[in-house]
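Number of protein chains: 2
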Amino acid sequence: MEIAALLTSAGINISICIVLLSLYSVLRKQPANYCVYFGRRLVCGGARRYDPFWYERFVPSPSWLVKAWETSEDELLAAAGLDAVVFLRMVIFSIRIFFITAVVCIAFVLPVNYYGQPRVHKEIHLESSEVFTIENLKEGSKWLWVHCLALYIITSAACLLLYFEYRTIAKMRLGHITSSAPKPSQFTVLIRAIPWHPEQSYSDTLSKYFTNYYSSCYLSHQMVYHNGIIQRLLHDAERVCLSLKHVSPEISCKPSLTPCNFCGGPTATNSFHILSNEGDSVKGMELGELTVTTTEQERPAAFVFFKTRYDALVVSEVLQSSNPMLWVSDLAPEPHDVYWRNLNIPYRQLWIRRIATLVGAVAFMFVFLIPVTFIQGLTQLEQLSHAFPFLRGILKKKFINQVITGYLPSVILILFFYAVPPMMMQLNVFSSVRDIPAQLARAVPTQAGFFTTYCFTSGWASLACEIMQPMALIWNLAAKAISTNKDESYETLRFPYHTEIPRLLLFGLLGFTNSVIAPLILPFLLIYFFLAYLIYKNQILNVYITKYESGGKYWPIFHNTTIFSLILTQIIALGFFGLKLSTVASGFTIPLILLTLLFSEYCRHKFAPIFHKHPAQVLIDMDRADEMTGKMEELHKKLHSVYSQIPLHLQKSSSNGESSTPFANQELPDPEKLKPEEGDAIAKELWGFQGNESGQEHDTKSCPSASSPEHLTPKMIELHKRN
Amino acid sequence: MEIAALLTSAGINISICIVLLSLYSVLRKQPANYCVYFGRRLVCGGARRYDPFWYERFVPSPSWLVKAWETSEDELLAAAGLDAVVFLRMVIFSIRIFFITAVVCIAFVLPVNYYGQPRVHKEIHLESSEVFTIENLKEGSKWLWVHCLALYIITSAACLLLYFEYRTIAKMRLGHITSSAPKPSQFTVLIRAIPWHPEQSYSDTLSKYFTNYYSSCYLSHQMVYHNGIIQRLLHDAERVCLSLKHVSPEISCKPSLTPCNFCGGPTATNSFHILSNEGDSVKGMELGELTVTTTEQERPAAFVFFKTRYDALVVSEVLQSSNPMLWVSDLAPEPHDVYWRNLNIPYRQLWIRRIATLVGAVAFMFVFLIPVTFIQGLTQLEQLSHAFPFLRGILKKKFINQVITGYLPSVILILFFYAVPPMMMQLNVFSSVRDIPAQLARAVPTQAGFFTTYCFTSGWASLACEIMQPMALIWNLAAKAISTNKDESYETLRFPYHTEIPRLLLFGLLGFTNSVIAPLILPFLLIYFFLAYLIYKNQILNVYITKYESGGKYWPIFHNTTIFSLILTQIIALGFFGLKLSTVASGFTIPLILLTLLFSEYCRHKFAPIFHKHPAQVLIDMDRADEMTGKMEELHKKLHSVYSQIPLHLQKSSSNGESSTPFANQELPDPEKLKPEEGDAIAKELWGFQGNESGQEHDTKSCPSASSPEHLTPKMIELHKRN
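From first to last, the protein sequence lines are chains A and F. When we follow the UniProt record's numbering, the leftmost residue of the first sequence carries the number 1, and every step to the right adds one. When we follow the UniProt record's numbering, the leftmost residue of the second sequence carries the number 1, and every step to the right adds one.
Just so you know, not all the hints are guaranteed correct.
Stated by the list, open to error - Short derived list, chain F residues pointing at chain A, Cβ under 7 Å: (1) Leu-174; (2) Pro-324; (3) Leu-326; (4) Pro-609; (5) Ala-616; (6) Gln-617.
Claimed, not checked - Taking lysine-lysine pairs in the DSBU-like style, the calculated list, with each CA pair at most 30 Å apart, reads: (7) Lys-606/F x Lys-553/A; (8) Lys-553/F x Lys-606/A; (9) Lys-307/A x Lys-553/F; (10) Lys-613/A x Lys-208/F; (11) Lys-171/A x Lys-613/A; (12) Lys-171/A x Lys-208/F; (13) Lys-208/F x Lys-638/F; (14) Lys-553/A x Lys-613/F; (15) Lys-307/A x Lys-307/F.
Claimed, not checked - Computed far set for chain F versus chain A, every beta-carbon distance over 12 Å: (16) Val-59; (17) Glu-73; (18) Glu-75; (19) Leu-88; (20) Glu-123; (21) Asp-311; (22) Glu-334; (23) Arg-442; (24) Glu-500; (25) Leu-579; (26) Thr-583; (27) Leu-619; (28) Lys-631; (29) Lys-638.
The hints are simulated quantities; they were obtained by calculation from the structure and are not laboratory data. Beta carbons: idealized from backbone N, C-alpha and C, even for Gly.
With these hints in hand, go ahead and build the complete structure from the sequences.
What follows is the structure, encoded as structure tokens:
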């Protein structure tokens with residue numbers, strides 16, 4: 001690929017990015033799009049300006065960039081939690097290391113590559129990009145020590161940065177554990193595979209076991225029930241609610257948000273008041289029946305509650321029974337993370353399901369190999385004209401030639417397989433174990449051009465896509481056009497760590513592997529990371545809410561993958577030094593690989609355990625502090641209700657026949673549950689509950705939706721009866 | 001290799017074995033060799049006949065075979081512990097599976113191979129052994145389904161047998177844990193990397209930590225001291241004792257063996273009485289000094305004692321501190337297994353030492369490749385005559401030809417590298433990942449002859465060697481000839497699991513991989529396993545003592561390696577079916593591999609945890625039983641003294657100035673310590689202690705040794721002072 005083609009591609013992408021970012025800076029200021037671009041703020045009650053005569057809102061401005069830049073880490077931690085901070089630290093780490101890498105490689109490696117062979121150089125823009133790669137060096141070149149030295153500098157810098165980051169994040173994680181409000185999950189152990197005794201229920205077996213062996217610390221437990229009945233009931237109820245909702249959009253009762261006692265977050269009260277007052281008698285009768293049915297359908301799983309965090313930790317870590325397939329214990333997930341349907345699966349099936357998932361994932365990966373190989377071929381122009389003979393005429397034109405070879409293949413790749421790591425295209429060329437370094441060394445520089453354009457299309461474009469949120473925007477517009485209703489209910493999204501961290505890691509891998517081989521990619525990558533920093537920060541602050549908080553557990557993944565990238569880089573360089581017949585450079589690379597492995601092992605010993613286990617010392621101290629302040633007893637009282645499969649008010653009303661406001665005590669720590677949709681409170685409550693149960697993310701956009709229902713209660717339950 | 005050559009080799013080996021076994025049956029009856037062939041019995045006080053006119057002792061007899069055969073598993077368990085039972089169960093498993101394999105392969109696979117190509121067969125003994133391998137089949141043969149079916153039968157039988165064995169051994173292990181006498185190690189946790197505080201000693205830091213966080217279950221602790229001083233003192237004392245011993249062999253005081261209170265084993269009393277009465281005053285003064293010095297030299301490691309087994313288990317399994325490199329906890333080893341010198345190593349060095357060991361082992365393995373490749377070449381006669389031109393004349397003679405090709409190469413291999421697994425010779429032919437099955441398939445049958453002779457030389461000969469104990473015998477004879485002293489002190493050996501289990505596994509691997517490919521090896525292997533059963537059983541009953549007891553932990557290693565062998569067999573067969581162009585057989589082999597992997601995973605979930613962790617339920621029940629019977633308090637009192645780096649009597653006399661018989665209370669659970677050498681009691685005691693400390697096996701044979709010393713005490717300590 002010529003430099004001109006590369007620059008064409010870069011130009012196209014930069015223009016697209018500028019246009020999209022400008023468009024974003026306008027669109028975000030339109031009140032109609034607030035629910036797309038400020039989902040998080042709306043939930044958290046951030047102020048927003050709504051002035052129809054404020055015409056500046058049609059002018060692009062970089063104010064959001066400034067704001068994203070200025071937000072400090074502490075503000076981010078307070079607003080979005082530790083995971084968001086850790087994610088942005090990954091981006092910052094990438095910026096730092098690739099800044100160092102770019103400086104070293106462009107200042108020293110690039111000139112060595114460029115003047116690697118004695119020949120007449122064309123004008124820069126007519127040069128092939130391969131002139132800048134290590135391939136341009138002649139065999140046995142004495143200048144390979146520059147590459148070797150650069151490799152040492154990059155590895156040392158990366159290891160140092162990784163070490164300090166790991167240390168800081170480990171401290172942050174400990175701070176997160178100690179400073180966080182008491183969580184019910186810390187006191188709870190999920191027990192699976194309770195043995196079956198024909199003469200007693202699972203619940204009795206469990207309580208006998210724990211009162212026998214853990215009498216000093218066992219509090220109580222909450223069984224898991226077969227969710228068939230509950231599931232069906234909830235599904236029907238939701239359907240009825242929705243149908244009622246669309247019939248009569250008159251009455252609306254806004255919920256008032258008051259802080260929850262337990263988690264400190266806001267909770268809904270008024271709406272549920274109305275409901276429980278209205279549907280009291282019928283529901284009481286109906287759900288009494290439900291309770292009887294479900295207790296008969298106990299599953300061999302339960303949440304067991306303990307007096308202190310330390311007790312729960314001990315029970316979860318110790319092998320309970322002499323049959324390892326019985327009394328399997330694990331620390332419980334947070335109540336709103338419980339995936340009830342999974343708890344129905346017998347424990348003895350779990351391992352085989354995990355294996356099936358793994359096999360499926362591997363098979364799926366290999367299916368991708370076929371189209372990837374085809375697209376890889378497109379980067380070679382001859383192969384392209386061979387594949388599509390009708391293109392031959394067009395391809396002779398210079399500009400089109402540049403566009404096609406520089407841009408098209410990666411666009412096709414993106415369109416077809418947005419998430420396929422291009423690493424895999426190397427898989428099918430491996431046939432010899434000993435030649436892997438050499439084969440990689442041959443493959444990487446020839447694909448350097450492709451990787452660069454991949455950085456443009458997948459990297460830059462994905463960032464623009466991320467900030468524009470095109471799907472949400474279109475959905476919002478379409479819904480506005482179709483529906484006449486102007487209500488502002490909306491659903492917020494959670495940050496897609498599962499796609500964004502791998503993307504970051506992939507670009508890190510591309511950066512490291514290309515660094516000494518084809519350093520031309522580095523400036524473009526640096527632009528990507530810098531843009532990523534601003535855009536992700538903006539999105540985390542404005543768009544996404546934090547539902548699941550791992551407490552920084554993503555960092556070890558990032559750390560290990562970065563070490564892997566470094567070692568792969570070294571192996572590829574080793575292969576290259578072998579190809580170029582430089583024994584000195586090869587000889588110096590091998591100790592570098594060993595040192596990097598040693599560093600990895602050191603970090604694994606020094607930091608990794610904190611990310612997998614809770615330190616006893618810390619938990620005991622927390623327990624004592626809570627006992628001193630008297631918080632502990634308060635907590636113990638709540639535990640049982642928090643892990644309830646059947647919402648608390650249903651239980652209470654069915655057992656006590658009371659019609660008071662039981663919801664005032666039940667916390668809903670998840671802001672997602674607090675969507676201020678009007679009226680249909682029970683449907684919403686049931687939906688929210690079922691949503692947790694199904695464990696799926698609510699990524700559907702229903703920004704403008706239909707509104708409030710009529711009186712629900714007796715009719716709805718009648719309908720359910722008929723079903 | 002011709003069948004005749006194979007039979008020649010077998011004949012030579014069988015004759016050698018018969019001669020050696022007959023010789024053994026005579027030698028074992030000679031009173032002079034009792035200490036070689038009945039070491040265990042002498043220690044345990046078994047009766048022995050000593051009649052100089054009993055001339056039958058010069059006639060070979062198979063009585064020992066009968067006795068070994070008749071001993072039941074329960075007797076073996078009582079006599080030699082669970083590890084010995086598990087080892088013999090490995091042998092029995094091998095006999096069973098290879099009996100099934102031999103029946104299936106010789107009845108069905110061998111005829112298919114033999115008549116695989118339409119040609120005129122010579123007389124059997126002139127046939128090449130390759131005629132009986134799968135190589136003899138023609139390409140695309142329809143008879144390959146026989147091999148595939150045989151593979152299914154072998155795998156199914158192996159998995160079934162493995163499953164039932166694993167289940168039985170898991171039960172035995174649980175029985176071993178629950179039924180065994182209370183062990184100090186169950187109540188003790190080894191804490192390493194105690195943090196350093198400048199204002200207080202390690203001991204204070206430790207006791208503050210545990211009284212703070214584990215006040216309810218913490219009993220006391222025992223620090224580890226810098227062993228330089230103690231080590232030197234003990235070394236000097238031993239040297240002085242030895243020199244005194246050889247000077248004056250007059251006085252002897254036989255120790256009387258009385259059962260120990262703690263472990264139920266015998267303990268020495270009289271000898272130590274004499275010593276402590278005599279050397280009282282001087283020692284008290286001297287060792288008071290020692291105590292002061294050592295407390296100043298505390299190391300950041302300690303044995304911490306807890307009230308119950310469960311408490312110790314919890315502390316050992318939980319991550320203690322927020323810095324994973326501090327307060328590292330592990331269940332303590334048994335007191336006599338403690339390797340004191342290792343406890344001096346700072347914990348932060350340990351991981352790097354482990355890595356260095358691994359790297360060293362790998363490097364060492366690769367060094368072996370060179371000679372192994374050379375020896376492998378010898379099996380081909382042409383290469384042999386090419387390597388040694390002067391042999392060309394001799395090689396034309398038929399018998400010598402047979403001996404050399406059939407016998408010599410493996411003898412050379414044995415002589416040079418007794419313990420090198422021949423698997424490694426395959427390592428250097430791998431160059432392509434995808435072709436590994438095919439390459440293995442090509443390599444195995446051509447090496448089948450070599451493997452068969454390897455089975456004769458390494459397998460049968462090693463068994464004969466094992467039972468003859470030539471080194472011990474020669475040492476015994478030489479010592480008898482040189483020394484005029486007729487004393488019968490001796491040292492017993494521990495069973496060499498570390499060499500014998502790998503050998504068993506290696507022959508299992510050879511058996512499985514050759515089963516469907518070259519089944520001719522199977523009868524010879526079966527003879528090996530059968531002989532191994534009798535000989536090992538005899539040796540365990542008569543020769544070896546049990547010092548370290550893992551409680552059946554060797555079984556998971558055997559299980560996993562057997563699964564590996566099965567899968568390797570299947571991969572090799574897959575390669576062969578590929579080479580012979582049988583897609584049906586290949587297609588049916590792949591699900592077999594997956595099923596075997598699934599089986600392995602199932603066993604890993606179902607049984608493996610019991611071999612790595614102690615079940616809480618079991619430990620709590622044991623604790624309660626001991627509390628009920630009142631044993632617990634008695635135990636608690638002993639813990640501190642058992643894990644003492646400085647022997648108890650030294651401590652007592654130095655601190656209290658008492659001259660009573662402190663040894664009466666100190667148990668020596670190791671029969672090895674009870675060698676009835678006369679007189680030099682303190683040297684023996686010190687030696688036994690230092691022996692534990694250095695952790696080396698006492699494999700030196702000192703059957704007839706010099707005898708009793710004069711008065712030791714004041715002189716010895718004087719001598720030490722001068723050093």
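Right, here's what the structure says about each hint:
1. Residue-level restraint check for Leu-174/F holds (minimum Cβ-Cβ distance to chain A is 5 Å; threshold 7 Å).
2. About 4 Å separates the beta-carbon of Pro-324/F from the nearest beta-carbon of chain A, less than 7 Å, and the hint is met.
3. For Leu-326/F, the suggested interface contact is broken, since its CB lies about 10 Å from the closest CB of chain A, more than 7 Å.
4. At a threshold of 7 Å, the smallest CB-CB gap from Pro-609/F to chain A is about 4 Å, leaving the interface hint in force.
5. Annotation: interface hint on Ala-616/F holds; nearest CB of chain A at approximately 5 Å, less than 7 Å.
6. Residue-level restraint check for Gln-617/F holds (minimum Cβ-Cβ distance to chain A is 5 Å; threshold 7 Å).
7. At most 30 Å may separate the alpha-carbon atoms for a hinted pair to count; Lys-606/F and Lys-553/A meet this at roughly 29 Å.
8. Between Lys-553/F and Lys-606/A, the direct Cα distance comes to roughly 29 Å. Compliance with the 30 Å bound is thereby established for this hinted pair.
9. With a C-alpha separation of about 36 Å, the suggested pairing of Lys-307/A with Lys-553/F is violated against the 30 Å cut-off.
10. A distance of roughly 24 Å separates the Cα atoms of Lys-613/A and Lys-208/F; the hinted pair therefore holds under the 30 Å criterion.
11. Annotation: proposed proximity of Lys-171/A to Lys-613/A holds, straight-line Cα distance about 14 Å (limit 30 Å).
12. Between Lys-171/A and Lys-208/F the alpha-carbon distance is near 24 Å, which keeps this suggested pair within the 30 Å criterion.
13. Distance hint between Lys-208/F and Lys-638/F is fulfilled; the C-alpha atoms sit about 22 Å from each other, no more than 30 Å.
14. Taking the CA atoms of Lys-553/A and Lys-613/F, the gap is near 26 Å; set against the 30 Å cutoff, the hint holds.
15. For a cut-off of 30 Å, the pair hint linking Lys-307/A to Lys-307/F stands: about 22 Å separates their Cα positions.
16. Non-interface call for Val-59/F relative to chain A: holds, since the shortest CB-CB distance, roughly 52 Å, exceeds 12 Å.
17. For Glu-73/F, the condition that its CB be more than 12 Å from all CB atoms of chain A holds, with the nearest at approximately 21 Å.
18. Listed as outside the interface, Glu-75/F is consistent with that label: its C-beta sits roughly 26 Å from the nearest C-beta of chain A, beyond the 12 Å cut-off.
19. Distance to chain A confirms Leu-88/F as a non-interface residue, since its nearest Cβ pair spans about 24 Å, more than 12 Å.
20. The claim that Glu-123/F lies off the interface holds: its Cβ sits roughly 45 Å from the closest Cβ of chain A, which is beyond the 12 Å cut-off.
21. With a least beta-carbon separation of about 10 Å from chain A, Asp-311/F fails to lie farther than 12 Å from that chain, contradicting its non-interface assignment.
22. The Cβ of Glu-334/F lies farther than 12 Å from every Cβ of chain A, with a closest approach of about 21 Å, so its non-interface assignment holds.
23. For Arg-442/F, the non-interface assignment is confirmed: its Cβ lies about 17 Å from the closest Cβ of chain A, beyond the 12 Å cut-off.
24. A cut-off of 12 Å between C-beta atoms confirms that Glu-500/F is not in contact with chain A; the least separation is 29 Å.
25. For Leu-579/F, the condition that its CB be more than 12 Å from all CB atoms of chain A holds, with the nearest at approximately 18 Å.
26. The Cβ of Thr-583/F lies farther than 12 Å from every Cβ of chain A, with a closest approach of about 20 Å, so its non-interface assignment holds.
27. The Cβ of Leu-619/F sits about 9 Å from the closest Cβ of chain A, inside the 12 Å cut-off, so the non-interface label is violated.
28. With a minimum CB-CB distance of about 20 Å to chain A, Lys-631/F clears the 12 Å threshold, and the non-interface call stands.
29. Residue placement check: Lys-638/F keeps its beta carbon more than 12 Å from all beta carbons of chain A (closest about 26 Å).
Of the numbered hints given earlier, the model fails hints 3, 9, 21 and 27; all others are met.
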